[in-house]
Amino acid sequence: MNVMWDIIPIGIKINFFYTNKGLDDMVKIGIPRALFYYYYYPLWREFFQNVGMEVILSPETNKEILDNGIKATLSEACLPVKVFFGHVIALADQVDYLFVPRITKVEPKAYICPKFMGLPDMLRARLHNLPHLIDTVVDTSSDGNSTQCWTDCLQEVGSMWTNNKHLVDSSIVAALQEQNRFKQHLLDGILLPDAIEGTVIPEVAAASHPQQTIQIGVLGHPYNLYDPYISMNLFKKLYSLGASVVTPESLAENDIAKKAGMLPKRIFWTLGKRMIGSALNFLENKQLDGLIYLTSFGCGPESLVEELVVRWTKKQDRIPLMMLTIDEHTGEAGIITRLEAFTEMIKRRHKA
Amino acid sequence: MKITYPHMGNVCIVIKALLTDLGLELVLPPPTSRRTVELGVRYSHEFACFPFKLNLGNYLEAYELGADTILMAGGVGPCRFGYYAQVQQQILEDLGVKMEMVVLEPPDVSFHEVKDKIHYLIGDLPWWQVFKAVRFAWSKARAIDTIEEKLLYFRPRVKEPIKLEGYFRETLKEIDEAADRREVERVVNSFLKKSEIMPQLSVKPLKVGLVGEIFTLLEPFANYDMERRLGLLGVEVTRSVWLSAWINEHLCRGLLRVRTECSDDKKLAAPYLNSFVGGHGVETVGCTVGFAQRNYDGVIQLAPLTCMPEIVAHSVFPAVSEDYQIPLLTFYLDELSGEAGLQTRLEAFVDLISAYSRKKEGVL
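Protein chains in written order, with the numbering used here: chain C, 1 to 352; chain W, 1 to 364.
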């Protein structure tokens, strides 16, 4: 038992004794509604609930969150990172722990982004009075896979709380099942915000709104696309302009990987690969009338990935492409005007 | 096959020595200028980093002079540099510029990839000739580092820094033209002798560490002659990245004994930055802590705008600055940096650190 004490941080030892008490005394773990929330929330939520913790999610992005985030970060950091900081600040005094895994690689030989790898350090250096950060490393070795890296990470996290190995293992199994269900919902065409809550009716497939006259493929990272405050309700605006939306999340991983594999050199960013693969799939999709590519100002990997996508779309010369770059200053009127002009142009092309 | 490669400070001298000895025909781009920037910026993505744009400008200018093959380095992430070549190739192709690109990078699948590329370049050259070429180029790399180091040391100390810079440029030219290793050694020694006997000022210069991304540190055009500006303001600059140390660490796996002041600083990055973040992020933080521990008066970080690893490093600076009570300044550089603004900020920083160091010593 002495050995156990040594590896458990002091803060956790105390909470240990409370875990079996009533609901009010449950250990609270905070998950910021930003960045990888949009990829892995079902996995995280299911795991932490199963090991007996209360999961606290930060509220949806609002002006206060964004403003706090901007104040706490460098002006050079990208918008999603600023928003992430805002969410952390919103959670900081409500929770006992904050789950901010250091996500290096979720698949072999491909990184996420340097900023993701440094997130816990950036938080510690710039914010004071943070709750204890759980910054377990998620790193896939060259012979691992995307499930293995999360199993390893969650096992490490679980062992901080309890030495009931069986509970941790069964929680991981349940969490992975939940994550698979989430992915299946996405493939069925359900938009991510609906799928992530877990209560969805598969019939409401976003890709097949019958009354809509045009279909638009929207490229972009989920943490920009599905945060209505950041994307300024892009999807809703497109619906009201008579367009239905197809997102990269509705594409099968295999299709994306196959297309991305056609590149002269393997892309070493997981998200960049998704963008390139999705774009190539969209370019071949005869049903699409247009493409919108939403990026955040100053996104590093995107500056190269985007360049390739734009050049290929031009070369193909069939689908119109509009680039939307967002940052904290974006005026909503400007976005509306551009969307109106874009959809109007597509509709005219149809008539001609 | 007329080979060209992008500029990075004085590295071109070293690569020129290597490739010429390997029997390759070279067409070097003209020195990086405003025109290079304009060409590069015109055809690259807005947020592509500054080195990307300068590289592209170099290629286009070399193409005008008749180059048809580009020799370039690569990488495997997560820094953007690893994917430069592929995007640049696409841009050149779309422009109708017919240039072939040979990218030397860590192999993805097997070592044969590298071997094939080298074989493609130099054919069946006997190994001793390759060895001789590498050794000769290495001696030039060491020579350049030696004289640059001396220049940084003497510039704030001598009474006539402009004259010293004149000597430096002459020596650089002589190193470039030197035909054998003995000649290189002689030229370096004569520079050392000349600079040591120059009349010196009596004041002790301030000491500032220069950290950041390697290209911006080594290419004076990209950093708007930062070292020179600081030197003329009476500041002794210590750079964290040196070409020969970098080659030793990344290409020779530290087999050669090259010591620089910052050789062991990388491990000082923890607890501020606990993970590799690509590029020179960890080195930047580590060297900053190292400079702070060695009682430097300040540290300046240089990075291209939107550089991801440097943004992470910059983000943890407040903690370093607070713990060690050292002034830190960061410059993000791109094609739009106005020189007057840069100079003003530098002057303000130097004023600040000189007041700060006097206060520390109890003079104020």
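Hints in this document: simulated from the structure, not taken from any laboratory. Incorrect hints may appear among the rest.
[What the hints assert, rightly or not] In silico DSSO-like pairs for lysine-lysine, Cα to Cα no more than 30 angstroms straight-line: (1) C/K265 x C/K63; (2) W/K193 x C/K265; (3) W/K193 x W/K132; (4) C/K265 x W/K117.
Model, not experiment: these values are computed from the prediction.
Each hint tested on the structure:
Of the pairs offered as hints, the one joining C/K265 and C/K63 is violated, with about 41 angstroms between alpha carbons and a cut-off of 30 angstroms exceeded. With a C-alpha separation of about 50 angstroms, the suggested pair W/K193 and C/K265 falls outside the 30 angstroms cut-off, and the hint is violated. Distance restraint check for W/K193 and W/K132: the Cα-Cα separation of roughly 28 angstroms lies within the 30 angstroms cut-off, and the hinted pair is therefore satisfied. In summary, the hint linking C/K265 to W/K117 is supported, as the alpha carbons are separated by about 15 angstroms, within the 30 angstroms threshold.
Of the numbered hints given earlier, the model fails hints 1, 2; all others are met.
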